[in-house]
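Chemist: Spelled out, the chains give:
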Amino acid sequence: DAGVTQSPTHLIKTRGQQVTLRCSPISGHKSVSWYQQVLGQGPQFIFQYYEKEERGRGNFPDRFSARQFPNYSSELNVNALLLGDSALYLCASSEGPRAMSTEAFFGQGTRLTVV
Amino acid sequence: TQLLEQSPQFLSIQEGENLTVYCNSSSVFSSLQWYRQEPGEGPVLLVTVVTGGEVKKLKRLTFQFGDARKDSSLHITAAQPGDTGLYLCAGLTLTDSWGKLQFGAGTQVVVTP
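In order, the protein sequence lines correspond to chains A and B. Here the numbering used here = 1-based position in the first sequence + 5. Here the numbering used here = 1-based position in the second sequence + 328.
Any given hint could turn out to be false.
[As the list claims (entries may be wrong)] So the derived label-pair ranges between C-beta atoms look like this:
(1) B:384 x A:25: 26 to 32 Å
(2) A:43 x B:409: 24 to 30 Å
(3) A:78 x B:422: 22 to 28 Å
(4) A:87 x B:338: 26 to 32 Å
(5) B:355 x A:65: 30 to 36 Å
(6) A:62 x B:341: 22 to 28 Å
[What the hints assert, rightly or not] A partial selection of chain B residues facing chain A, derived with a Cβ cut-off under 8 Å:
(7) 336
(8) 338
(9) 339
(10) 341
(11) 344
(12) 350
(13) 369
(14) 373
(15) 381
(16) 384
(17) 412
(18) 413
(19) 425
(20) 432
[What the hints assert, rightly or not] The following residues of chain A were derived to be distant from chain B, with all beta-carbon distances above 10 Å:
(21) 50
(22) 76
(23) 80
Just so you know, these hints were derived from the structure itself, not from any lab. Here the structure is a predicted model, which is why all the values come from computation and not from measurement. Just so it is clear, CB atoms sit at the ideal spot from N, CA and C, and this is done for glycine as well.
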């Protein structure tokens, strides 16, 4: 079975541009969470979606948005990119929104560089 | 700002030595997880501890959850070069409708032959 897949793996954008990152969860998993990992730090929670609805949001500006599709895949959008948005963006998949304790599986991430 | 503090930030040891990584917080968590992350990859779950005072062993790795469910430790016996990686602890906070993982900054472990 395929694990969590994220695309693209690497991306370079210019300040002020917009970016869309994609995540496909493990088959059967209905919940997707997004994390930002800046170099030298641990992942920071951005969003959690379950059954196409936002269940939780971290302390990120409104430039960050996300959505989940009927097939449970998800997109993370970031508008008006800043240099500080450069990071590894991780997607985590779980069966349900409260199942993170034993069933959280991370993708390999998308490395975003803003220049 | 990381809610969980990990120490040390960096650890370099020789193959065969033992090491301990600590994860401390002022918050109580529903459970605490340990992950290992390789460069350019996502974190991989090693273990979840749920009960205060719980000890779990995974081959040469021993994980302990503090009695108050605020802190944890990871002990590796006879470390091998394959143990090299970024070790992350994460506390799980559950509400009625969802759960959130909060990560520490990680401990970079380097094991040299």
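Chemist: Evaluate each hint against the coordinates.
Modeler: Consistency of the hints with the structure:
Look at residue 384 of chain B against residue 25 of chain A: about 39 Å separates their beta carbons, and that is not inside 26 to 32 Å. Distance hint check: the CB atoms of residue 43 of chain A and residue 409 of chain B are about 27 Å apart, consistent with the given range 24 to 30 Å. The beta-carbon spacing between residue 78 of chain A and residue 422 of chain B, approximately 25 Å, falls within the hinted interval of 22 to 28 Å. Evaluation of the 26 to 32 Å hint for residue 87 of chain A and residue 338 of chain B yields a pass: the beta carbon distance comes to about 28 Å.
In this structure the supplied range 30 to 36 Å is violated for residue 355 of chain B paired with residue 65 of chain A, their Cβ-Cβ distance being about 20 Å. Between residue 62 of chain A and residue 341 of chain B the beta carbons are some 40 Å apart, a value that contradicts the proposed interval 22 to 28 Å. Hint status for residue 336 of chain B relative to chain A: violated, with the closest Cβ pair at about 14 Å, above 8 Å. The interface hint given for residue 338 of chain B is violated, since its Cβ lies 11 Å from the closest Cβ of chain A, which is over the 8 Å cut-off.
Against a cut-off of 8 Å between C-beta atoms, the interface hint on residue 339 of chain B is violated, since the closest Cβ of chain A lies about 15 Å away. Evaluation of the residue 341 of chain B hint against chain A yields a violated restraint, the C-beta minimum of about 21 Å exceeding 8 Å. The beta carbon of residue 344 of chain B is not positioned within 8 Å of any beta carbon in chain A (closest approach about 28 Å), and the interface hint is therefore violated. For the restraint placing residue 350 of chain B at the interface with chain A, the shortest Cβ-Cβ distance is roughly 14 Å, beyond the 8 Å limit, so the hint is violated.
The beta carbon of residue 369 of chain B comes within 5 Å of a beta carbon in chain A, closer than 8 Å, and the hint placing it at the interface holds. For residue 373 of chain B, the interface hint holds, the least distance from its beta-carbon to any beta-carbon of chain A being 6 Å, beneath 8 Å. Below 8 Å, beta-carbon pairs count as interface contacts, and residue 381 of chain B has none with chain A, the closest being about 17 Å; its hint is therefore violated. Contact between residue 384 of chain B and chain A, as hinted, is not supported at the beta carbon level, the nearest pair being about 12 Å apart and thus beyond 8 Å.
Checking residue 412 of chain B against chain A by beta carbon gives a least distance of about 17 Å; that is not within 8 Å, so the hint is violated. Because the smallest distance between the Cβ of residue 413 of chain B and any Cβ of chain A comes to about 13 Å, over 8 Å, the interface hint for this residue is violated. Annotation: interface hint on residue 425 of chain B holds; nearest CB of chain A at approximately 6 Å, less than 8 Å. Restraint check, residue 432 of chain B versus chain A: the minimum CB separation of about 5 Å is within 8 Å; hint holds.
A cut-off of 10 Å between C-beta atoms contradicts the statement that residue 50 of chain A is not in contact with chain B; the least separation is 5 Å. Even its closest Cβ contact with chain B, about 20 Å, leaves residue 76 of chain A beyond 10 Å, as expected for a residue assigned away from the interface. Its beta-carbon lying about 18 Å from the closest one in chain B, residue 80 of chain A satisfies the requirement of being farther than 10 Å from that chain.
In terms of the numbered hints stated before, the structure departs from hints 1, 5, 6, 7, 8, 9, 10, 11, 12, 15, 16, 17, 18, 21, listed from lowest to highest.
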